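2 protein chains.
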Amino acid sequence: MTQSRYFTIGEHPEGLPERSLFNFETRELPELKDGEVRIRNQWLSVDPYMRGRMSGVKTYVEPFRLNEPMEGGALGEIIESRHQQLKKGDRVIHMGGWRDVAQLDGDQVQPLPDIDVPPQAFLGVLGMPGMTAWVGLTLVAELKSSDTVLISAASGAVGSLAAQLAAQKGCTVIGSAGSQEKREWLEAHGIRAIDHHQSADDIKSALKDVAPQGIDVYYENVGGPMLEAALDAMNDFGRIAVCGMIARYNESAPSAGPSNIAAVLTKRLRMQGFIVHEWGKGHEQRFYEQVGPLVADGIIEYRETVEEGLEKTPDAFLALFEGSNDGKMLVRLNG
Amino acid sequence: MTQSRYFTIGEHPEGLPERSLFNFETRELPELKDGEVRIRNQWLSVDPYMRGRMSGVKTYVEPFRLNEPMEGGALGEIIESRHQQLKKGDRVIHMGGWRDVAQLDGDQVQPLPDIDVPPQAFLGVLGMPGMTAWVGLTLVAELKSSDTVLISAASGAVGSLAAQLAAQKGCTVIGSAGSQEKREWLEAHGIRAIDHHQSADDIKSALKDVAPQGIDVYYENVGGPMLEAALDAMNDFGRIAVCGMIARYNESAPSAGPSNIAAVLTKRLRMQGFIVHEWGKGHEQRFYEQVGPLVADGIIEYRETVEEGLEKTPDAFLALFEGSNDGKMLVRLNG
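Chain order of the listed sequences is A and B. Under the UniProt record's numbering, read the first sequence as residues 1 to 335, first letter to last. Under the UniProt record's numbering, read the second sequence as residues 1 to 335, first letter to last.
Simulated from the structure, these hints should not be mistaken for lab results. In this text, all values refer to a predicted model and were calculated from it rather than measured experimentally. Some hints here could point you the wrong way.
Where chains are identical, the list cannot tell them apart; a pair therefore holds if satisfied intra-copy or between any two copies.
[Stated by the list, open to error] Once the Cα atoms are required to be at most 27 Å apart in a straight line, the calculated DSS-like pairs of lysine-lysine come out as:
1) Lys169 x Lys208
2) Lys312 x Lys87
3) Lys169 x Lys204
4) Lys58 x Lys144
5) Lys204 x Lys58
6) Lys33 x Lys312
7) Lys33 x Lys87
8) Lys267 x Lys58
9) Lys144 x Lys33
10) Lys33 x Lys88
11) Lys281 x Lys144
12) Lys58 x Lys208
13) Lys208 x Lys33
14) Lys281 x Lys204
Using the sequences and the accompanying hints, generate a full structural model.
This is the structure in structure tokens:
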């Protein structure tokens, strides 16, 4: 018999979740059915979008089911297989995270692409967050090399790749980050840095200083005052790719939207919300071909914040909302 | 010598302009230069966008110059010509409105298209407002016959055509209007009507009643609580064509934006501001071909509110913000 240890939530939180929301449980796994695989996880991903799945409201992903194992991106090694193409020892990416041993239909797991990078990169820079950055810039915002690009939360998992990809393309890039250390990292990579933990008016004047020519593309990860300031700085015909609004994920009551929303009209802006699976579908190979070599050759730098041990998964998740991660937040399991 | 009587503004108004803002003046016109024409206007157009031109701030149109003749759509007859193709007696559309006699470069005027409708239709249903309705639905929102469409200010010059065009296409159409009489007109044309002079919450429940299936396309003319309610009712992958936000044109201080702006992300919406000249350029012939016969055959009904006499032009303009017009607001000049 194999046991799986996993996290659940027993209720839908309002506001910022507390650590006590998360229950740590154990169950015996049933025998493998035909077509299934059993995976010992080595790396787990925690991501801001998971907050939405805790709310019990269907948005663009199904809500987590109460008292059932939570889900999320994970990387592990197959320890038992009843699937034709997958064998013991294969390393795979899948959505059976927040647990140590996952049991899934083999068709729901993906073997690692053949690119020479550390495996956990396929949860970050070459995984969902990286693809999100690439899809938002390339397909949603239709980035051109002459564009001035603003990226909020530009030192996060998605933002740090978006900033570097835009800089690689030759764009002028402005990135926002909430701490001095993060802004120094951005500046060391040729990215003009501003602080997004300010009033909309203060962000507006910061943007006037670093981008007097205005913004053509805004890659939106945070919402709130940052969106208001960006609307103010946008040039005519600007494009806003709305990837996330982390500032709003833990609000229990709605707060006012941008008072200058009419800029969408006066500047003829396009504002497009997207999620990676829908827009990126069918473009995975192009993504690996364009971004894979840049990562393998060290041209694109990626950062990870790693928590050790399955028990730390909720802490790693909650740390995302304090902004205490640098780049991709991961949990490493000591199998 | 020919005199021209015209309106000017001497300062940039804040909030809703007062009637006293507008000065009525007279000047002698200089002799015609080579290539110029002199036009006696018969119909003048007043439109909400003109409020933006009064603010002294460059938005998508140049501001009106203080103490110079104001401008706007107009239709008149050439009374003198030094232009090769244009001759005395030709009827033309041009931007030399807010005056009785206009003197313009002949290249800036457009002969009436050959469609059998009353001439003033080329200032309304077959002019800028009509083209705005058609461009927003067809090119910006990419309307499909299976869509449920919400149109705000649906009895206005732009909205009433958008509503009928969408209904002609086979769409389910919901229109908002601020008076019982206007809503009855909508309902008589097969359009489900709601009141947009309500709180966002009340508009939300009205929308749930008339469109329980949700909204696929929102044609935005008013902003404010209506936009918030529409965001709430939008279906996934909905498109919002932002044509106007008349509720905000006279605000001297910004008011809060929609508190549910994050719906752009969760529902993967596209919100696109547009103005007719940029998006419609090169599509004029297609517009006349598609909409012209519908108007000539009486399939599409258009309404006009007509004020008599040049002196009434400012009153006609201000009435737009009271919503007292039905359909296109026009001023008729008595020779």
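Consistency of the hints with the structure:
1. For a Cα distance limit of 27 Å, the shortest separation of Lys169 from Lys208 inside one copy, 23 Å, qualifies, whereas the shortest one across copies, 46 Å, does not.
2. For the identical chains of this complex, Lys312 and Lys87 are neighbours neither inside a copy (30 Å) nor across copies (84 Å), given an alpha-carbon limit of 27 Å.
3. In this assembly of identical chains, the alpha carbons of Lys169 and Lys204 lie at most 27 Å apart only when taken from the same copy (26 Å versus 44 Å across copies).
4. For the homomeric pair Lys58 and Lys144, the shortest alpha-carbon distance between copies (26 Å) is at most 27 Å, but the shortest distance inside one copy (35 Å) is not.
5. For the homomeric pair Lys204 and Lys58, the shortest alpha-carbon distance between copies (19 Å) is at most 27 Å, but the shortest distance inside one copy (34 Å) is not.
6. Taking identical chains as interchangeable, the C-alpha atoms of Lys33 and Lys312 are never at most 27 Å apart, the minima being 31 Å within one chain and 82 Å between chains.
7. For the homomeric pair Lys33 and Lys87, the shortest alpha-carbon distance inside one copy (15 Å) is at most 27 Å, but the shortest distance between copies (87 Å) is not.
8. Within a single copy, Lys267 and Lys58 get their C-alpha atoms only as close as 33 Å, which misses the 27 Å cut-off; across copies the closest is 10 Å, which meets it.
9. Neither within a single protomer nor between protomers do Lys144 and Lys33 lie at most 27 Å apart by alpha-carbon distance, with minima of 49 Å and 45 Å respectively.
10. When the C-alpha separation of Lys33 and Lys88 is checked against a cutoff of 27 Å, the pair qualifies only within one copy, where the shortest distance is 15 Å, while the shortest distance between copies is 88 Å.
11. Proximity of Lys281 to Lys144 under the C-alpha cut-off of 27 Å is found in both arrangements, the shortest distances being 22 Å within a copy and 23 Å between copies.
12. For a Cα distance limit of 27 Å, the shortest separation of Lys58 from Lys208 across copies, 18 Å, qualifies, whereas the shortest one inside one copy, 39 Å, does not.
13. Taking the shortest Cα distances, Lys208 and Lys33 never come within 27 Å of each other, neither inside one copy (60 Å) nor across copies (45 Å).
14. Taking the shortest Cα distances, Lys281 and Lys204 never come within 27 Å of each other, neither inside one copy (36 Å) nor across copies (34 Å).
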